[in-house]
Amino acid sequence: MHSIFLGFKEAFLLILNLDRELTGIIFLSFRVSGAALLIATAMGLPIGALLGLKRIPMKAMLISLSNTFMGLPPVVVGLFVYILLSRSGPLGFMGLLYTPSAMVIAQTILAFPIVVSLCHSAIVSVNPIIKQASMTLGATPFQSTITIIKEARYGIISGIVAAFGRVMAEVGAILIVGGNIAGYTRVMTTTIALETDKGNFELAIALGIILLMLSLIINAILHSIQRRAISGARRIDIK
Amino acid sequence: MNLSLSISSVSKSYNGKTVLKDCSYCFDSGGIYVLMGANGSGKSTFLRICALLEEPDRGEVNYLSGGSIIKKDISLRRRITLVLPGIGIFNTTVFNNVAYGLRIRGLKSGEIKDRVERVLDFVGLIHKRNQNALTLSSGEMQRLGIARAIVIEPEILFLDEPTASVDKENTEIIERIILDIKSGSQRSHKTFIITTHDMAQAERLADSILIMAEGRITRA
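Taken in sequence, the protein lines are chains D and U.
Quick note: the first sequence uses the working numbering, first residue 1, plus one each step.
Quick note: the second sequence uses the working numbering, first residue 1, plus one each step.
Among the clues, some could well be false.
Only pairs whose alpha carbons sit at most 25 Å apart, straight line, appear in this in silico DMTMM-like list of lysine to aspartate or glutamate [claimed, not checked]: (1) K54(D) / E55(U); (2) K168(U) / D180(U); (3) K182(U) / D28(U); (4) K150(D) / E111(U); (5) K54(D) / E54(U); (6) K9(D) / E21(D); (7) K17(U) / E55(U); (8) K59(D) / E54(U); (9) K113(U) / E153(U); (10) K72(U) / E117(U); (11) K182(U) / E117(U); (12) K150(D) / E117(U); (13) K131(D) / E10(D); (14) K54(D) / E153(U); (15) K128(U) / E117(U); (16) K17(U) / E54(U); (17) K131(D) / D198(U); (18) K131(D) / E54(U); (19) K21(U) / E214(U); (20) K21(U) / E161(U); (21) K17(U) / D28(U); (22) K128(U) / D180(U); (23) K113(U) / D180(U); (24) K131(D) / E161(U); (25) K9(D) / E202(D); (26) K131(D) / E55(U); (27) K128(U) / D167(U); (28) K54(D) / D57(U); (29) K21(U) / E54(U); (30) K182(U) / E172(U); (31) K72(U) / D57(U); (32) K131(D) / E172(U); (33) K131(D) / D73(U); (34) K71(U) / E54(U).
Source of the hints: derived by calculation from the structure; they are not laboratory data.
Turn these sequences into a full structure, and let the hints guide you.
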């Protein structure tokens, strides 16, 4: 009990003193997860919109595939990316294994189906009359699509925030492909796992507190977005 | 050139139920046409087909200018507009809703501001310009729908049941707006095609009253 108390005390000191190792780990976590989220959104949003708005072959199968992949086990993704990037793998020549780039690839694969599925759900939930209204006002098909995406913005943002929460908290995949190299590929979650194993609780607790705060912030953002969307829908319902 | 609309032998069915059957009519440019008919008589379908939102199963919808048929492309669609019964309000401010049609036409922001404010003043919503449009009452939403349509200065304006589910006060305001637009645009030969259930309203507004029954249009 005493060691846990000491761990918390040291952890708060590390946070208050903006410990260099701690800030480096946090910065790298944000850099890797931010890049993964950016790539996943850039690819996932158009695909989610396409699935939501257009008639394409095998649409139902693609939607259920992306829904299934939302729950991809991170270690399986890690293993898959490891095989791809290992020296004997098809992309081994790129020399990306145990680099932040490999971590970005793994996290992108995890975030991508979440962005696709939640963007698709947000877009199909937009009232079809919005598309018709935009067309009656003279919108081209492309302008009409942009209008629908704008109307679905709260759902889309929720999807992106949820994907960010997922990749920030993920440990299995980046541990496998990043190797948890100090000062190079060590991020918050992998550090917590390592330091706990070593019995060094201070840094692990400090990072745990930061991750919890982050989770709290993400949930608060999601809650606020959902409240705004629900109040918008209620305003229509009560008319 | 004035825009007129010719409907020839248009038929439309949904799930085996015939809604329009060899329906034909020619709308000359200028004036208010009021289309009346019972519920389910096909008035809304007719308007949607006329506004190029739907394709008929058979028959032709042609827009004419100077005696020539106009190609049904985006430039024609931008000369006509339909205010849908559900309106389709965008989840943004009243101003942005009205500015939508002008922005997608690439107008400059100064001109957009002037035109939107003028129209909002005209329909009595200028004091609500920065309010989220979804917070408006049904009557105000209907006025917003009309504002959004008239700001783009269409040559043919279709209004599908503009006063359905609207209180008496807003009905009077909407009728006054329609008559004001008509009197202000007589020289430019703007055409209004309006559906309604209300015979008294049809008589107040119409230059021509049309009846839709059994999927066809007849003049009253």
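Hints versus structure:
About 18 Å separates the Cα atoms of K54(D) and E55(U), which keeps this hinted pair within 25 Å; it holds. Using a Cα cut-off of 25 Å, the hinted pair K168(U) and D180(U) holds, with the two alpha carbons roughly 18 Å apart. For the suggested pair K182(U) and D28(U), the alpha carbons sit about 15 Å apart, so the restraint of at most 25 Å is met. Distance hint between K150(D) and E111(U) is fulfilled; the C-alpha atoms sit about 24 Å from each other, no more than 25 Å.
Taking the CA atoms of K54(D) and E54(U), the gap is about 17 Å. The hint holds against a cut of 25 Å. In summary, the hint linking K9(D) to E21(D) is supported, as the alpha carbons are separated by about 17 Å, within the 25 Å threshold. The straight-line distance between the Cα atoms of K17(U) and E55(U) is roughly 16 Å, inside the 25 Å bound, and the hint therefore holds. At most 25 Å may separate the alpha-carbon atoms for a hinted pair to count; K59(D) and E54(U) meet this at roughly 24 Å.
As the CA atoms of K113(U) and E153(U) are separated by approximately 15 Å, the hinted pair is consistent with the 25 Å bound. Among the hinted pairs, K72(U) with E117(U) is inconsistent with the structure: their alpha-carbon atoms are about 31 Å apart, more than 25 Å. Distance check on the hinted pair: K182(U) and E117(U) sit about 20 Å apart at the alpha-carbon level, within 25 Å; holds. A hinted pair counts as satisfied when its Cα atoms are at most 25 Å apart, and K150(D) with E117(U) qualifies at roughly 23 Å.
Restraint check for K131(D) and E10(D): the C-alpha separation of about 57 Å exceeds 25 Å, so the hint is violated. This hinted pair does not check out: K54(D) and E153(U) have alpha carbons roughly 31 Å apart, beyond 25 Å. Pair hint K128(U) plus E117(U) holds up; C-alpha atoms about 11 Å apart against a cutoff of 25 Å. Our distance criterion of 25 Å between C-alpha atoms is met by K17(U) and E54(U), whose separation comes to about 16 Å.
Annotation: proposed proximity of K131(D) to D198(U) is violated, straight-line Cα distance about 29 Å (limit 25 Å). Taking the CA atoms of K131(D) and E54(U), the gap is about 13 Å. The hint holds against a cut of 25 Å. Between K21(U) and E214(U) the alpha-carbon distance is near 7 Å, which keeps this suggested pair within the 25 Å criterion. Only pairs whose Cα atoms come within 25 Å are accepted, and K21(U) paired with E161(U) is accepted, the gap being roughly 22 Å.
Restraint check for K17(U) and D28(U): the C-alpha separation of about 30 Å exceeds 25 Å, so the hint is violated. Between K128(U) and D180(U) the CA atoms are separated by roughly 21 Å; this keeps the pair inside 25 Å, and the hint holds. Between K113(U) and D180(U) the CA atoms are separated by roughly 22 Å; this keeps the pair inside 25 Å, and the hint holds. A C-alpha spacing of about 19 Å is found between K131(D) and E161(U), which places the hinted pair at or below 25 Å, so the restraint holds.
For a cut-off of 25 Å, the pair hint linking K9(D) to E202(D) stands: about 8 Å separates their Cα positions. For the proposed pair K131(D) and E55(U), the alpha carbon gap of about 16 Å is at most 25 Å, so the pair holds. About 19 Å separates the Cα atoms of K128(U) and D167(U), which keeps this hinted pair within 25 Å; it holds. This hinted pair checks out: K54(D) and D57(U) have alpha carbons roughly 22 Å apart, not beyond 25 Å.
Our distance criterion of 25 Å between C-alpha atoms is met by K21(U) and E54(U), whose separation comes to about 15 Å. Between the alpha carbons of K182(U) and E172(U) the distance comes to roughly 15 Å, so the proposed pair stays at or under 25 Å and holds. Distance check on the hinted pair: K72(U) and D57(U) sit about 17 Å apart at the alpha-carbon level, within 25 Å; holds. At most 25 Å may separate the alpha-carbon atoms for a hinted pair to count; K131(D) and E172(U) exceed this at roughly 29 Å.
Taking the CA atoms of K131(D) and D73(U), the gap is near 17 Å; set against the 25 Å cutoff, the hint holds. A distance of roughly 16 Å separates the Cα atoms of K71(U) and E54(U); the hinted pair therefore holds under the 25 Å criterion.
Hint violations for this structure: numbers 10, 13, 14, 17, 21 and 32, all remaining hints satisfied.
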